[in-house]
Amino acid sequence: MTNRQSPVRKIAINLLLVLAPIILCIASLSIGRYQISTQEVIRVLISPVFPDAAADITEIAKQLILRVRLPRVLAALLIGASFGSTGTAFQAIFKNPLVDSNILGVTSGAGFGAALALLFLFNNWQVQGLAFVFGLVAVFLSFLGSRLYKTAPILVLTLMGILVGTLFSSLTSLLKYIADPLDTLPAITFWLLGSLASVTWARITLLAIITLLGVIFFILIRWQLNILSLGDKEAASLGIDPVKMKFIIIVVATLMTASAVSTSGVIGWVGLVIPHLGRLLVGPNHKRLLPVSISLGVSFMIVLDSIARALLPGEIPLGVLTGIMGVPLLILLLRRSRTGW
Amino acid sequence: MNMRLQASHLCYSYTPNKTVLHDITLKLDEGEKLFVLGPNGSGKTTLLSCLAGILQPDQGEIKLNDRGLRTYKAAEKAQIIGVIPQGHSPAFPYTVFEMVMMGRAPYLRWLDLPSKDDQNIVETVLDQLGLFDLKDQPYTEISGGEQQLTLIARGLAQKCQILLMDEPTAHLDLSNQHKIMEIIDQLSQSGISFVISSHQPNEALHYADSVMVMNQGWVIENGPPQDIVTEMMISTVFGISTEVLYSKEGQRLPRAVVPRRPVQVRPGSLIDPDGFLNEIFAKRHQNPQLLLLTGLKGIGKTAWCLKLMQIAKKQGIEMEGIVSPGVYSGNMKTGIEIMDVRSGEKRLFAKLNLGKTQDLSTPRWSFNPDSIAWANDVLKKRSASELLIIDELGPLELLRDEGFVEGISRIDSREFHMAIVVVRPSLVPKALQRWPDAQVIRGVLE
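Line by line, the protein sequences are chains A and B.
Position one of the first sequence corresponds to residue 412 (the numbering used here), numbered consecutively onward.
Position one of the second sequence corresponds to residue 53 (the numbering used here), numbered consecutively onward.
The hints are simulated quantities; they were obtained by calculation from the structure and are not laboratory data.
C-beta atoms are modelled at their ideal positions from N, C-alpha and C, and glycine is treated no differently.
Among the clues, some could well be false.
Here are the computed lysine-lysine pairs in the BS3-like style, where the Cα-Cα straight-line distance is at most 27 Å [said to hold, decoys possible]:
id, chain 1, residue 1, chain 2, residue 2
1, A, K655, B, K115
2, A, K698, B, K168
3, A, K644, B, K359
4, A, K698, B, K79
5, B, K300, B, K359
6, A, K655, A, K506
7, B, K168, A, K421
8, B, K211, A, K644
9, B, K359, A, K655
10, B, K79, B, K168
11, B, K366, B, K432
12, B, K403, B, K335
13, A, K644, B, K115
14, A, K698, A, K421
15, A, K506, B, K359
Here are some of the chain B residues that sit facing chain A, going by a computed Cβ distance under 8 Å [unchecked claim]:
id, residue
16, G120
17, A126
18, G139
19, I363
Facing chain B, according to a computed beta carbon distance under 10 Å, are these residues of chain A, among others [claimed, not checked]:
id, residue
20, N507
21, A598
22, S640
23, A646
24, G650
25, G694
26, P695
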């Protein structure tokens, strides 16, 4: 079997990948307890530029879309783009299709930071900030640990990531154990399950800046990911400094993941599953795979968040959903993929 | 002197106590094919990594086009030297086209994507090597020969002057080995220089302009292939007895190296007019004749020696040395004696441990140190005998210089006319590396 695709199929896939996130965004904005039609959504969205367009729409619908639903949908979009690109990049530099940007312990660290803040009844901002900081601390510790050894840096780094992740998970459990079961314990538990319910415009600013810059970075270096995925020795013989490049990629991906997880709580599986889906569609060449993964990540997160808030009368935790949807999807993809992965 | 690549006095070690390369010096001219020949683990791959600038040598200097290799930037270096690794499987199933395109990386800056020009170069190279029809196939699904070709194509897309190849034919069938070597040969005629690591002396004979032989990190020899690929060199380095076949025109041009099978020898051939042992015996005064008698355990190597002694005694041939016959009670070997070949005197040398507690910590045989000392005394007495028999030199002697050390030094110093040394099959390579002129025989009783 060849990876060759007919031009028609290629154009169709490209079109789908560009349109899907936009269509899903609009659809997602119309979904909710308070039903708003997609046509009204579009009119509200263009109203800042064309104020007349939304003249006949109730103020409550406008407020609901612009102040409640839109930041939430944008958060899902940004987090999806973040996981899609960092997952793809990490699978390339670790030469392993079964890792994502959580491999170095960023999520466990963020979870611990959030739990710590919630235990001491800090405000939302402080929770997000501490989660972000401890996400970075965890990856820094993994890095520091790997420097104890001289050989096999990437393998040792993976191992250190697992160890640091376990350490922070245990510390989080300790915090839960000493937390007040009527007050702080549920708060910690719900945070760890992941949700976008409390997202506001203010809270996604940092996420938006970091994610946009990071995504641009990954789009620019996407072809070089091919070479890094061949391993250090071959990359070096092809004129690329693998150590420096991987270090930069890890720093960027960690900032992105930490900002995503500190906004949403613990959400797993997306960065792992999406690149597989992308490879099934367009093959392993990162030049095409990376943009495709971003588009798929965005679509996947928007769909999941819509399900999270619309399927049941109450919210379904997002982290639970990504796992429930992600695992069967990955099994399906592994079965269908042509050459192992 | 305008050499493409020059290395002088390279040393490299992965860990402080284990030096992998010792004082390696080499030079490579335009269009030259240098073969680095050596057994597995001799340091060939490490040398290539140093030459490619992937590993930094601890000592010594490498010059690329008369400029220190260290002064090159990574991308600049990769435009001159390309590395073609051993067949490998990448983590992702890139197509042949995508793999070859990666050879353009040294020409692209950080944030560049391959351009239309790069695409044209890749397509030309694919066409040149006959890979065009495979370009959309996943690299992981094509044959080993096609994978090697793809990697060569990547090296060509890199537009290098020098290609370093690590065992390019290691996993290929005969036809693909031939195909790859012929392509390398043609590319070298177009001016590309090659450093090729290999453990195939025949490839070196046929294709090399010069050969460098490595063993345990040292350069043993270097020079033109016909001077280097000799029976002695192959015995010393690879521990196998071989025969070099020459071309018929009488020019003494070596054509091929083939392994020599052990000759099957009867003790009685000592007295046959055309017998093998008789012929060897006749040559004993020209130079010392050393035979390594080998064969699987229990096949009767000692019995063969005893039989030979009987025959030689009848002929009045003077003999010396030691043999070690077993002591049997019933069918069970319960001990080993040691016998002075000249006097027939025997000592008990080893005894089977028949204690009731046969746990693994007690050794199966207990040796008598006095008998070993006695045997060494026997071997030490040098006389003008015609035939020296030593049964046997085992791991103690060949690997640790213990046991019958006098036997070893006797053979090392060539103080014999004709010697037969019993060596178990697993130690034959070791013995051949030590005594490359020895002939290996397999004893058969009539």
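Hint by hint, here is what the structure shows:
no.	hint	result
1	A:K655 <-> B:K115	holds, 25 Å
2	A:K698 <-> B:K168	holds, 15 Å
3	A:K644 <-> B:K359	violated, 60 Å
4	A:K698 <-> B:K79	violated, 40 Å
5	B:K300 <-> B:K359	violated, 41 Å
6	A:K655 <-> A:K506	holds, 16 Å
7	B:K168 <-> A:K421	holds, 19 Å
8	B:K211 <-> A:K644	holds, 19 Å
9	B:K359 <-> A:K655	violated, 72 Å
10	B:K79 <-> B:K168	violated, 37 Å
11	B:K366 <-> B:K432	holds, 25 Å
12	B:K403 <-> B:K335	violated, 39 Å
13	A:K644 <-> B:K115	holds, 20 Å
14	A:K698 <-> A:K421	holds, 14 Å
15	A:K506 <-> B:K359	violated, 64 Å
16	G120	violated, 17 Å
17	A126	holds, 5 Å
18	G139	violated, 13 Å
19	I363	violated, 60 Å
20	N507	holds, 6 Å
21	A598	violated, 41 Å
22	S640	holds, 6 Å
23	A646	holds, 8 Å
24	G650	holds, 3 Å
25	G694	holds, 7 Å
26	P695	holds, 4 Å
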